[in-house]
Each structure stands twice: as C-alpha cells, then as structure tokens.
Amino acid sequence: MFKLPIVFCVSMLMLAGCATPTRYIDPAADDGPVTMTMDYRDFEKAATEAVDDMLASGAVSKPNGERYIMVVSRVTNDTMQRIDTDQLTKKIRVALLRSGKVVTTTAVGLDGAEDEMSARARELRDSEEFDQSNVQRKGTLKAPDLSLSGKILQRNHKAGKEQQVEYYIQLSLTDLVTGLATWEVETPIIKRGPNESVSW
Amino acid sequence: MRVQAMKTQAMRFQKQIIAFSCALALVGCAIQPPAETAAAIDREQLQIDPEVNYFVAVTELLSQRIAQPGGEALLQIQYAVEARSNGDLAWKVTWFDPNGMVVKGVGEGYRKVSLLTGQTRYFTATAPHARVTDYQLHLREPQQ
Chain A
9 MFKLPIVFCV SMLMLAGCAT PTRYIDPAAD DGPVTMTMDY RDFEKAATEA
59 VDDMLASGAV SKPNGERYIM VVSRVTNDTM QRIDTDQLTK KIRVALLRSG
109 KVVTTTAVGL DGAEDEMSAR ARELRDSEEF DQSNVQRKGT LKAPDLSLSG
159 KILQRNHKAG KEQQVEYYIQ LSLTDLVTGL ATWEVETPII KRGPNESVSW
Chain B
2 MRVQAMKTQA MRFQKQIIAF SCALALVGCA IQPPAETAAA IDREQLQIDP
52 EVNYFVAVTE LLSQRIAQPG GEALLQIQYA VEARSNGDLA WKVTWFDPNG
102 MVVKGVGEGY RKVSLLTGQT RYFTATAPHA RVTDYQLHLR EPQQ
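Protein sequences appear in the order of chains A and B. According to the numbering used here, the first sequence is numbered sequentially starting from 9. According to the numbering used here, the second sequence is numbered sequentially starting from 2.
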C-alpha cells in the first residue's frame, strides 16, 4: 500500500540530488558554456574593445588636458532580445571616467535627464524654506562636448545543421561642436550553435 | 699613585666602550630592514600556462607609450602568437601603476580567440590610464 509513495519519494530525492547546485560565477574566471543570446561576456568584450580603441585614438583626450563632458545619446537595440543598452554604455562610461579623460553628464538626455535631480534641486531657488547659500546658482550646469550613440544589430542564418547568430555592436562618438563623428567602432560577435537553441 | 692613575684610565676606557656599544645598539634599533614593497617583487610581464605552450608560441611582445593630445602618454602593448595547431586561447592584461598597484580596466574577463595552424595573429591592448607603467600578460587555454 505504501510502496508507491515510498518509491515516488526516493525518486524525487534522487532527482534533487542530481540537480546542479546554484553557485556564484566569478566574471574573472568564467569558463561557462556560451549562450546564443548576448550575455555579460559579450558586453564586456565590446566595451573593452571600444574603450581600448577610443583611448588609443586620442579622440577623448582634450588638448589642454581637461576632461571632456560626454552625454549618452540613443543606443538602439535592433535585436530579437530585450536588451538594456545601459549594460554596454555603463561599462564604457565607468572606464572613461576612471581614465580621467571623460566625465558623463546626467543632466541632459534624449528622453529627459538621466538624473532629474539637477533640475529639481534648482527649483529650491528662492524658496524661503531652504538656506540659499548652497542652492545651485544659475549657469552652473555644464553642457556636453561629446555624444555617444550606437546600435546593436542581430542577424540569424542557417549554417548547415546549425544556426549562426551575428551581433554587431556599432558605436559612434560625435563632437557636438562640429557634428562630426570623431570616433567609430564596430564589434562583431558571431555565434554558431544547434538549431534547437534560441537567440531571442 | 701611578697604579691609581692607571685604574682611573682603565675605568674611563671601559665607560667609553660601554657608551660606544650602547650607541651602536641604538643605531641598530633605528635602522630597520626595508619593508618588501610590491615594486620589489619580481613580476613576469608574460605569463603563459603550460597547456598553451603546446600549440602556441609567442613570437613578439612589444610595448610603447602613445602620446595623447593632452600631453599625457598611454602604455600600449602588442603581442604576436603563432599557432602550431588549431586551438583556442584566452588572454588578459593586468595593468599596474608605478607603485605596483592594479589599475582597473573595463572588465576582468579573458578575451577568447581561435587560432588556425600556422596562423600568426597580433593583439593589442591599451592601458586604461596614463599612470600605468607596467603590465602582465596572461595566456591560458579556455576550459570549454
């Protein structure tokens, strides 16, 4: 009578024992399997190559040694995946800030300021409730010199019994004085895998 | 009288020796052996895992400082590998400032590349900051 539940319980226990345990992955030593979708390693590769190239080109070195002010413009996601392009741009911003050559403004953006507090803090001007000595004065915000924009593309192909997924990460840096793109890069990320795996 | 004078002289000499010994001991305490700094540790600029040595030979490892419009200069390295057989390679550069401290780049991951037999490939990397003066290039075989 109790045979069936016991067998069931033992089977479940055995299956639970076989399951892969949840574990932390160290990005500095990750030899895990490659996915057909874009993962953090792809963004890291693209950002590393972009920053390497940007610094080596001298496009982000101001002749007088001061820092450029950059704004992040639109980075279009033209893939079949839901990608937050900040995953890419944040890495680039952080590296450029650390390089001491570029600082990013969060006070302006295509869809409004990234940090609206710069404008909100100025609304305190003339408020009797606030000590006016450290309320931001007029004309203190810095306008950007450079704009970072780009696109992430995806193309899928059949390659025999496999599928090939191509991602192209395209980035441009525009000098806002002249409107000219002073630096550009394209990083292709090509993956080939079984037809069963999904890339969206 | 003479014996007394000799005794006094001997005692004075003894005192001088004791004072000199104390002075030496104090100097000995003051001078500490220099602490071992990171810069004093010998660090190899090229680190190759033995498994990689089987199929790859590093034929070049160059470095230069590239001048920037602001007057600074960035360290740039270039290395070349020649593959004896088909295989995958992973590489990473760690950057150091003059004090031997690590200077962070974009990420910590290895860059993976595939090599074909007889193929020579060149790779470059640019330091993330002008204060970088040294580097370590690590080549290894990806596990998968």
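Source of the hints: derived by calculation from the structure; they are not laboratory data. One thing to keep in mind: the hints can contain errors.
Claimed, not checked - Listed next, the in silico BS3-like pairs over lysine-lysine satisfying Cα-Cα at most 30 Å (straight line):
{"hint": "1", "chain 1": "A", "residue 1": "K159", "chain 2": "B", "residue 2": "K113"}
{"hint": "2", "chain 1": "B", "residue 1": "K105", "chain 2": "A", "residue 2": "K98"}
{"hint": "3", "chain 1": "A", "residue 1": "K53", "chain 2": "B", "residue 2": "K113"}
{"hint": "4", "chain 1": "B", "residue 1": "K93", "chain 2": "A", "residue 2": "K159"}
{"hint": "5", "chain 1": "A", "residue 1": "K98", "chain 2": "B", "residue 2": "K113"}
{"hint": "6", "chain 1": "B", "residue 1": "K105", "chain 2": "A", "residue 2": "K99"}
{"hint": "7", "chain 1": "B", "residue 1": "K113", "chain 2": "A", "residue 2": "K146"}
{"hint": "8", "chain 1": "B", "residue 1": "K93", "chain 2": "A", "residue 2": "K53"}
{"hint": "9", "chain 1": "B", "residue 1": "K93", "chain 2": "A", "residue 2": "K146"}
{"hint": "10", "chain 1": "A", "residue 1": "K99", "chain 2": "B", "residue 2": "K93"}
{"hint": "11", "chain 1": "A", "residue 1": "K150", "chain 2": "B", "residue 2": "K113"}
{"hint": "12", "chain 1": "B", "residue 1": "K93", "chain 2": "A", "residue 2": "K150"}
{"hint": "13", "chain 1": "B", "residue 1": "K105", "chain 2": "A", "residue 2": "K70"}
{"hint": "14", "chain 1": "B", "residue 1": "K105", "chain 2": "A", "residue 2": "K199"}
{"hint": "15", "chain 1": "B", "residue 1": "K93", "chain 2": "A", "residue 2": "K70"}
{"hint": "16", "chain 1": "A", "residue 1": "K169", "chain 2": "B", "residue 2": "K93"}
{"hint": "17", "chain 1": "B", "residue 1": "K105", "chain 2": "A", "residue 2": "K166"}
{"hint": "18", "chain 1": "B", "residue 1": "K113", "chain 2": "A", "residue 2": "K199"}
{"hint": "19", "chain 1": "B", "residue 1": "K105", "chain 2": "A", "residue 2": "K169"}
{"hint": "20", "chain 1": "A", "residue 1": "K169", "chain 2": "B", "residue 2": "K113"}
{"hint": "21", "chain 1": "A", "residue 1": "K199", "chain 2": "A", "residue 2": "K169"}
Stated by the list, open to error - The calculated label-pair distances, taken between Cβ atoms and stated as ranges, are:
{"hint": "22", "chain 1": "B", "residue 1": "D50", "chain 2": "A", "residue 2": "K150", "range": "45 to 55 Å"}
{"hint": "23", "chain 1": "A", "residue 1": "A189", "chain 2": "B", "residue 2": "I42", "range": "38 to 48 Å"}
{"hint": "24", "chain 1": "B", "residue 1": "T60", "chain 2": "A", "residue 2": "L188", "range": "30 to 40 Å"}
To be verified - Listed next, the stretches of chain A that the computed footprint assigns to chain B, with coverage defined by at least 3 CB atoms under 8 Å from CB atoms of chain B:
{"hint": "25", "stretch": "33 to 47"}
{"hint": "26", "stretch": "177 to 183"}
Bear in mind the structure is a predicted one, so any value in this text is a computation, not a measurement. Glycine included, C-beta positions come from ideal geometry on N, C-alpha and C.
Right, here's what the structure says about each hint:
1. K159/A to K113/B: Answer holds: K159/A to K113/B is near 23 Å, not above 30 Å.
2. K105/B to K98/A: Given that 30 Å is the threshold and the Cα spacing comes to 15 Å, the pair holds.
3. K53/A to K113/B: The given pair, whose Cα atoms are some 9 Å apart, holds under the 30 Å limit.
4. K93/B to K159/A: 27 Å, holds
5. K98/A to K113/B: Cα-Cα ~22 Å, so holds.
6. K105/B to K99/A: 12 Å, holds
7. K113/B to K146/A: 50 Å, violated
8. K93/B to K53/A: 11 Å, holds
9. K93/B to K146/A: Violated: K93/B and K146/A sit about 47 Å apart, past 30 Å.
10. K99/A to K93/B: Measuring from Cα to Cα gives roughly 17 Å; hence the hint holds.
11. K150/A to K113/B: 40 Å, violated
12. K93/B to K150/A: 37 Å, violated
13. K105/B to K70/A: Within the cut-off at roughly 22 Å; holds.
14. K105/B to K199/A: 28 Å, holds
15. K93/B to K70/A: 29 Å, holds
16. K169/A to K93/B: Violated, at about 34 Å.
17. K105/B to K166/A: 40 Å, violated
18. K113/B to K199/A: 13 Å, holds
19. K105/B to K169/A: Roughly 42 Å separates the two Cα atoms, so the pair is violated.
20. K169/A to K113/B: Given that 30 Å is the threshold and the Cα spacing comes to 25 Å, the pair holds.
21. K199/A to K169/A: 14 Å, holds
22. D50/B to K150/A: 45 to 55 Å: 47 Å, holds
23. A189/A to I42/B: 38 to 48 Å: Holds, since A189/A and I42/B (Cβ atoms, about 45 Å apart) stay within the stated range.
24. T60/B to L188/A: 30 to 40 Å: The hinted range 30 to 40 Å holds for T60/B and L188/A, with Cβ atoms some 39 Å apart.
25. 33 to 47: holds (count 7)
26. 177 to 183: It is violated: at least three residues are needed, and the stretch 177 to 183 of chain A offers just 0 whose Cβ sits closer than 8 Å to chain B.
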